Structures are given as C-alpha cells and as structure tokens.
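Enquirer: Chain residues, written in single-letter form:
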Amino acid sequence: MRRILFLLVFFALLAISACGPRPATTPIAPPAVSPTASPLPAEPTATSEPQPVTLTVMTHDSFAASEDVIKAFESANNVKLVFLPSGDTGAALNKAILSKEAPLADVFYGVDNTFLSRALEADLFEPYRSPLLDAIPPEFQLDPQHRVTPVDYGDVCINYDKAYFAEKNLPVPQTLEDLTRPDYKGLLVVENPATSSPGLAFLLATIAHFGDPGYLDFWRALKANDVVIVPDWETAYYTNFSASSGKGPQPMVVSYGSSPPAEVIFAEKPLEEAPTASLIGPDMCFRQIEFVGILKGTKQRELAQKFVDFMLSPTFQEDMPLQMFVFPVNPQAKLPDAFVQYAQIPQQPARLDPTQIAANREKWIQAWTDLMLK
Amino acid sequence: MLLRLRRTRRMGGKGAFSSLLLLPAWVFLGVFFFFPLARIFAYAFDSQLLRDPRAWELLRKVFGFTVYQAALSTLLTLLVALPLAFLLARYAFLGKSLWRTIVNIPFLLPVLVVAAGFNAFLGERGWVNLGLMRLLGLAAPPLRFSGTLAAILLAHVFYNTTLLVRILSYSLEHLDPRLEQTARLLGADGPRLFWYVTLPLLWPALLAGSSLVFLFDFTSFGVILLLGGAKFSTLEVEIYVQGVYMLNLPLAAFLSVAQLICTAGIGYLYAFLLRRAAVPLSPRAAVSNLRFPRRWYERLFLSLMLFLLIVLFLLPMLSVPLRSVLRLEAARGERGEVRYGFTLDYYQELFTNRRASIMYVPPLQAMRNSLVFALLTILFSLALGIPAAVALRHASLPARLSDGLFLLPLGVSAVTLGLGFILVFGRAVASPLLVPFAHTLIALPLVIRTLQPALASLPLRLHQAAQVLGASPWRAWWAVEWPILWRAVLTAAMFAFTVSVGEFGATLLIARPEYPTLPLAIYRFLSQPGGLNYGQAMAMTTILMLFTGLGLLLIERLQGGESRF
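Protein sequence lines correspond, in order, to chains A and B.
To convert, note that position 331 of the first sequence is 597 in this note's numbering; the numbers rise steadily by one, no gaps.
To convert, note that position 446 of the second sequence is 473 in this note's numbering; the numbers rise steadily by one, no gaps.
No lab work stands behind these hints: they were computed from the structure.
None of the values given here were measured: they were computed from a predicted structure.
Keep in mind that a hint or two might mislead.
[What the hints assert, rightly or not] As a list, the in silico BS3-like pairs of lysine-lysine whose alpha-carbon atoms are at most 27 Å apart:
#, chain 1, residue 1, chain 2, residue 2
1, B, 258, A, 451
2, B, 258, A, 489
3, B, 123, A, 640
4, B, 88, A, 640
5, B, 123, A, 629
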C-alpha cells in the first residue's frame with residue numbers, strides 16, 4: 267500500500283509542476299506566437315495598446331543582446347521579438363533552407379561570408395536596401411543586390427599567451443611562415459576545419475595567402491612542426507591554451523581578435539592588462555562578416571525592414587561588442603573601452619571570394635583532412 | 028549440467044489484444060520519429076549516391092571504426108559493470124545508496140564537462156601527470172590522454188556502466204536464491220555455480236543491457252569528437268560533419284540510413300537472442316539475501332570495487348565541483364605547477380545578469396525547467412513504455428516487428444532528425460512542448476528495454492493461476508504482476524529522468540531561449556572565453572550534478588523494501 271501512496275504523491279507532484287515550464291522574465295517571453303501551435307494561452311497585454319505583432323528572428327546560438335536595447339525596439343514599434351537560436355551557423359542555415367516553403371521566421375541573422383554563397387543560391391532572402399547602408403564601408407557589402415545586409419565582423423586570429431613569450435624571451439611570430447620555424451615547435455593548437463568554424467576560417471586564411479595547392483605545403487610544414495589539432499574551439503581554448511582558465515600546454519591558439527578583451531572583461535580578478543593578444547600580421551587573420559536578411563514569405567515585411575535598420579543603428583551596433591564579442595560594421599558606433607584597449611584589428615586580413623569558398627569548401631576540407639589526420 | 032531449466036512456451040494466442048497495447052507507442056513514434064525521418068530522407072536522399080563508389084568508400088572507412096570502438100567499449104563496460112552489479116545486488120555495506128547514485132550521475136553529464144573533468148584529472152596538466160612528474164622528476168608529462176583510443180574507451184565505460192549496472196543488479200536482486208542454494212547443495216563451486224546457474228539466469232538482462240550499451244557506443248558523438256580528438260570519426264560524427272559543415276545533405280542522409288539499418292539489425296538480433304534465452308522462473312518481489320562481506324575474499328572484492336569506483340567515477344567527476352570553487356592562480360606560461368585559491372565567485376556570478384543580456388539564464392529557472400521537462404518525460408515514456416513492454420512479451424507478429432524498431436530512436440543522429448522535425452512541424456518546432464517529446468523519444472527505448480527482461484522472466488503461469496482463481500485479467504495484472512514489476516518501473520523512471528535532465532542535443536534542436544535547461548546554460552558559458560565563464564560553467568555543472576543526484580536518491584528511496592545502510 268505504501269508504494270501506491272508514493273506513486274500517488276509522485277503523480278500529484280507531477281501534476282503540480284506540469285503547468286508548463288516557466289518562461290524567463292525577459293521581454294521576449296510570451297509563448298509561441300505561431301497561430302498553428304501555441305501550447306499556452308497568450309498573455310493578456312496592455313488594454314489601451316493594440317495587440318503587438320510578433321517578429322521572429324532566426325539566429326545562430328551565439329546571438330545575444332541587452333535586454334533594454336531589445337525592449338526599446340519593441341516598445342517603439344509595438345512588436346514582440348522572438349529569437350530562435352537554431353544551432354551553429356551551418357545548422358541554422360540548413361534549417362532556414364529546409365523551411366524555405368514555410369519559413370520559421372521573418373528575419374535570419376548570422377549567415378557569414380563562408381556560407382554566404384550557399385544562402386544566396388538557396389534564394390532565401392528578399393532584397394532590401396537599408397538607408398543606413400550608406401554609412402557602412404563598402405568592403406563589408408558583399409551582395410550588390412542587397413539580399414543580405416552586413417551587421418558585424420570579427421577576425422579569426424591566433425591568440426598568444428603574453429607571459430609565456432615574455433618569460434622565454436621568444437619573439438612572437440610575425441607571419442604565417444614563421445609558424446613553421448623550429449622555435450615554435452609544438453606551441454600552436456588549431457581546430458579541425460571539418461568540425462569548427464574558426465578552424466575553417468584559419469584554413470581559409472592560409473589558402474588566401476598561399477593559394478591552392480600551396481597551402482598544403484604550409485600545412486605539411488606545420489604538421490612537421492607538431493601543430494596540435496583539436497575538434498572544436500572550446501577544447502582548443504579551455505583545454506589546450508595556456509593563457510585560459512584551463513592552463514593547457516600550448517601558448518598559441520586559433521581564436522578570435524576579440525578574445526583578449528573578453529579575457530579582461532570576464533577575468534576572475536580585475537586585470538590591468540590582457541593576458542593574451544592576437545597575431546595580426548598580414549594574412550594571418552581571416553575576417554568573418556555576419557549578415558542579416560529578410561526571409562522570403564514573411565508577412566511582416568515592413569517590421570522586418572525596421573529590424574534590419576535597427577541592427578545597423580548605433581544603439582544596436584554599440585551593444586554588440588560586449589554581448590557577442592564582434593565588431594560593429596557601422597563606423598559611427600563607439601567601441602567599448604575594453605575593445606579599444608585590448609582588441610587589435612588587423613590591417614590586412616586574409617580575404618577570399620564567397621563564391622570561391624562555396625565552390626571549394628568540401629574539396630579543401632577533404633584535402634586538409636587527408637593530409638593532416640592520416 | 029546441474030540443473031535443467033524448463034522453458035515455458037510463450038503464448039501466441041492473445042496477439043490481438045496485446046497488439047493493441049503497442050498502439051500508443053507506435054502512434055508516438057510514427058508522429059515524432061518515422062514521419063519526420065521519412066520526410067527528410069525523401070527530401071535529401073539521392074539515389075545517385077548508391078552508385079557512387081566514394082560514398083561507399085567513406086561508409087566502409089567510418090563503419091569499421093564505429094563497430095570496432097563500440098564492441099571494445101561494450102566489452103570493457105561489461106567487465107566493469109558485472110562485478111559492480113554483483114556487489115550492489117548481493118552485499119550490504121556502508122554508504123551503498125550513495126555509491127549507487129555516484130554510478131548513476133555520469134550518464135547525464137554533458138560531454139564537454141566530462142571531457143574537461145577527465146582532462147583536469149588525466150590530461151597533460153592534469154593531477155595525475157603533475158603528480159607523476161614531481162614524483163619521478165620528469166620534465167614532460169608521461170601520460171598522453173586526449174586524442175587517444177583509450178580516452179574514448181574510458182569515457183564510454185564512464186558513461187554507460189550505469190546502464191548495465193542498473194539492469195543487471197535488478198535481475199540479480201530478483202533471482203530466486205533457492206536456485207543457487209540448491210546448486211551449492213548439489214556440490215557446485217563458485218565458478219561452476221556462476222557459469223551454469225547464475226549466468227543463464229542473467230542472460231536476458233545481459234543481452235538487454237549490452238545491446239543498449241553497444242548502441243550508445245555505436246552512435247556516440249560527443250565523446251568521439253571531444254575526447255578522441257580530430258583523428259577518430261564514427262558514423263554519427265561523419266553525419267554531423269557532412270550535414271552541418273559540408274552542407275552535403277544527401278551524403279548525410281545516406282550515412283543516416285546506414286546507421287539506422289545497423290541499429291534495427293542490432294535490435295532484432297537482441298530480440299531474437301532474448302526470445303531464445305529467457306527463462307521464466309518465479310522471481311522474488313523483495314530481496315532478502317543481502318549480506319555483509321565477512322570472509323577475506325569478500326572484503327577484498329569490496330575494497331577492489333570501491334577502489335574502482337573512486338578512480339573511474341568519483342575522481343573524474345569530483346574534478347568539476349572542485350574546479351568550481353578553485354581559482355587557478357596565474358603562473359602563466361609555466362608548464363609546471365599551478366597554484367590554487369578558494370573562491371565562491373562563480374556561484375555568486377551565476378545569479379547576476381551582469382551584462383543585462385536577454386539570453387541570461389537564472390539558475391533556479393533553468394533548474395525548474397529541467398525538472399518539469401524531466402517529470403513530463405517520465406510520465407510520457409512510462410505511459411507509452413509499460414503497455415508496449417507488456418505487449419512485447421507475446422510472440423505475436425506485431426510484437427516481433429516492433430522489437431527492433433523500438434530501438435531505432437537511439438540510432439538516429441540529432442542533426443538528421445532535427446531537420447526532419449522542421450519539415451514536419453514547421454513553425455510548431457519552436458513549441459516548448461516538443462522538448463519533453465524529444466526526450467521521450469530517447470527515453471522510450473531505455474524504458475522498454477528495462478522492463479522487458481523483468482517481464483520476460485515473469486512466468487505467465489502466475490497470471491494464469493490468478494485467472495484460474497477467478498481474477499479478471501486486469502486484476503490479475505494489478506495484484507500479481509505489478510508488485511513484482513514495480514521496481515523495474517522505478518528503474519525505468521530513473522532512466523527517463525536521467526535522459527531528460529542530461530539530454531542536450533534534443534533540447535538544442537528545438538530549444539527556445541525562454542525555456543533554458545541546465546545543460547543549455549552550461550554550453551552557453553563554455554562558448555565564450557574568460558575565466559569567469561569557465562568557472563560558471565563548472566559551477567552550473569556542479570548544480571546539475573547535485574540536482575540530479577538528489578533526484579536519483581529520491582527515486583531510490585521510493586523503491587523501498589531494500590535495506591539501507
């Protein structure tokens with residue numbers, strides 16, 4: 267009998283807590299907007315205002331923004347923003363392509379220049395030329411038809427452990443070629459381009475610099491110099507890199523130009539100086555530019571345009587660095603102090619044409635894998 | 028042969044009714060599994076690939092290693108789990124339920140964290156290497172861990188021992204001790220007793236457990252990717268690479284089909300062996316044959332097992348909570364020793380939304396969401412699993428067909444299924460209700476496989492006897508079979524709970540930022556640089572471990588009847 271009692275208590279507990287998971291107390295909280303399958307009743311809204319419309323934004327998982335910035339946009343336009351993080355960039359793009367006939371969202375943010383051609387080929391976006399685009403440097407505007415609009419950029423660079431190089435009295439490498447010198451044997455950890463987006467970006471940087479097939483010779487030399495290869499950024503940074511909290515064995519890691527300021531901002535104790543810095547020699551960094559686009563089939567075209575404008579506005583652009591650790595494309599946006607002090611922007615980042623990337627991505631990754639992982 | 032075990036014939040006649048019991052599970056799998064899969068395969072599958080030698084070459088290459096590491100991992104897991112199950116089923120000792128919980132926790136830890144734990148323990152700058160370096164005066168770390176096959180195997184054993192121990196110790200506890208006593212009286216010594224009596228009786232549970240472990244190892248993703256490093260690739264990893272990085276959906280679909288066929292094959296093989304091997308005997312509802320280890324070899328066995336538990340489970344796991352309260356003092360670039368300092372900052376920081384981000388996850392809320400999703404998963408998977416397991420006892424055609432197919436959800440890659448979900452559910456894919464359904468998909472095979480051996484060893488005679496005495500089928504079931512099954516049901520509930528709380532892939536598939544779960548929060552911290560983020564990830568993981576540890580202890584209490592020490 268006692269067991270049955272327990273069972274009853276258990277199911278009673280279940281019933282109590284089963285009134286549904288509690289949404290976060292954020293402005294994006296209200297339950298599913300889609301009329302097709304809203305599991306919870308919509309929350310009553312303010313009486314005087316008309317019911318706010320919903321704008322759904324599909325993003326990659328790294329998306330973040332400040333609460334008040336989002337709130338300001340919502341109240342100014344009487345809109346509810348719903349964000350759908352959909353995996354890393356490739357996964358999110360896959361999902362957008364698959365749901366093309368019945369789009370999951372109105373706006374897609376986060377496609378970068380390495381995936382751009384693929385997204386444009388799939389014909390996902392409606393062209394829209396934001397008036398704010400005039401202020402954006404043309405180097406970021408990769409689609410002349412304005413199906414996508416640049417929002418931010420970041421450089422994938424090698425970070426190094428400043429203390430290590432100072433202590434060993436070792437000069438830091440100035441070029442990609444330097445990395446193959448015996449001084450730096452076993453000191454660099456890179457990510458596998460088949461499973462990591464910074465890994466792929468660094469591979470592209472070497473292809474931009476050495477050309478195809480010259481890049482393979484460089485990698486052959488790196489391999490001989492005991493480069494360490496790990497599957498993903500988390501492992502590279504937290505397990506292998508010596509200047510991170512993991513205190514790993516390698517003092518150089520393929521990471522982002524914004525990682526040094528992040529190390530200061532998220533330091534355990536306030537730091538006077540960043541423990542890491544980036545190698546920003548010519549062609550040593552690869553520039554990733556991220557774009558936003560209005561998905562075809564949206565019923566909120568006008569709001570979607572407003573959101574694109576909003577993403578280019580100084581308010582949002584100034585919010586991005588500390589939320590997503592990327593740089594704003596709008597030169598009018600002021601950078602936070604930590605970025606001004608600790609982030610270095612390469613003068614000559616490596617560049618590759620998106621169509622070339624799309625055409626050769628598989629081939630390059632395969633050749634790299636065959637060479638490095640055999 | 029000391030003892031001839033009579034095998035009763037299964038009833039084939041009640042097929043129609045029992046097939047009805049399969050219906051709920053079939054409907055569920057149809058909607059949430061088979062239909063989405065069919066849609067994505069119809070969308071992405073390209074029959075040209077079947078004639079492309081390069082696709083077959085890739086499959087051959089990856090398949091070999093996938094099977095090899097899975098077989099090896101399963102074997103090792105068996106070697107660890109079998110004695111452990113014996114210890115837990117037969118002996119009483121101090122802190123037993125705590126040890127039991129410790130064995131259970133690995134199953135739900137996010138792989139990123141396990142990798143970090145193992146690295147802090149065995150990695151190049153882990154404690155073992157640092158200790159050895161100091162002890163032997165070495166300049167370089169003597170052990171290489173990450174990126175080796177050993178790391179993959181160790182992590183698989185770490186993860187899956189839980190499964191086998193659970194299923195085996197349940198069976199051992201329910202064996203009729205009189206059988207062994209009789210055999211002893213007839214002169215059987217230890218090894219012969221084990222070989223001729225205990226092992227045949229344990230066979231259904233061994234099959235069920237090993238087939239599950241094999242499947243988990245076969246479709247392993249995170250462990251291969253993170254601990255095996257870049258060199259090793261399994262089918263599941265290759266599907267992910269092709270689907271997400273190469274954007275080659277046809278090839279990903281091709282590999283997914285191959286993986287599913289293998290999964291079904293393993294499922295049917297298991298079902299076939301189980302049908303041949305199950306020996307229905309009078310099981311015992313409660314267990315009375317627990318004893319304290321008294322003889323020298325029993326004590327030696329206990330100490331050895333506890334040592335194994337500490338080295339294999341406790342130490343790698345402890346490195347996480349330890350790291351969550353320790354600050355590493357920056358002896359930057361020094362490859363030798365690192366100094367430590369105590370801190371509670373990471374926990375404090377968890378509760379503040381410093382950057383006022385809309386993506387901030389309050390820990391209590393993540394906990395609450397995880398709990399609600401877990402309870403719903405238990406409810407759904409038991410409601411679907413119990414009738415299905417009962418129906419699977421009968422040798423009807425639908426039951427035979429279902430046996431292998433019910434395992435399939437364990438064999439599908441989250442990438443593939445996630446894309447199928449989008450094709451089928453469209454915008455509804457963002458509904459938070461899909462989360463417990465997705466968890467149920469993974470939990471259901473476990474629930475069924477846990478109940479199956481328990482049911483298989485339950486003689487139909489009991490049920491028939493009750494009916495002869497005038498009980499309705501329903502009453503016979505409630506009064507006779509349910510009391511015996513009860514503990515198996517709780518074990519199944521425990522699996523459902525564990526799967527749900529630790530499951531990350533399915534949550535990510537369809538997660539909404541408003542309904543974050545604990546694993547999701549952990550990944551969010553780990554994806555950004557900075558010591559504070561790393562520390563918070565460790566703190567959140569510690570909370571996850573405590574939270575599930577408590578949950579598991581609670582379910583364990585419910586099992587009652589067992590002596591607690």
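Enquirer: Confirm or reject each hint.
Expert: Status of the hints after comparison with the structure:
no.: 1; hint: B/258 / A/451; result: holds, 20 Å
no.: 2; hint: B/258 / A/489; result: holds, 14 Å
no.: 3; hint: B/123 / A/640; result: violated, 47 Å
no.: 4; hint: B/88 / A/640; result: holds, 13 Å
no.: 5; hint: B/123 / A/629; result: violated, 55 Å
Of the hints listed earlier, those the structure fails to meet are numbers 3 and 5, in rising order.
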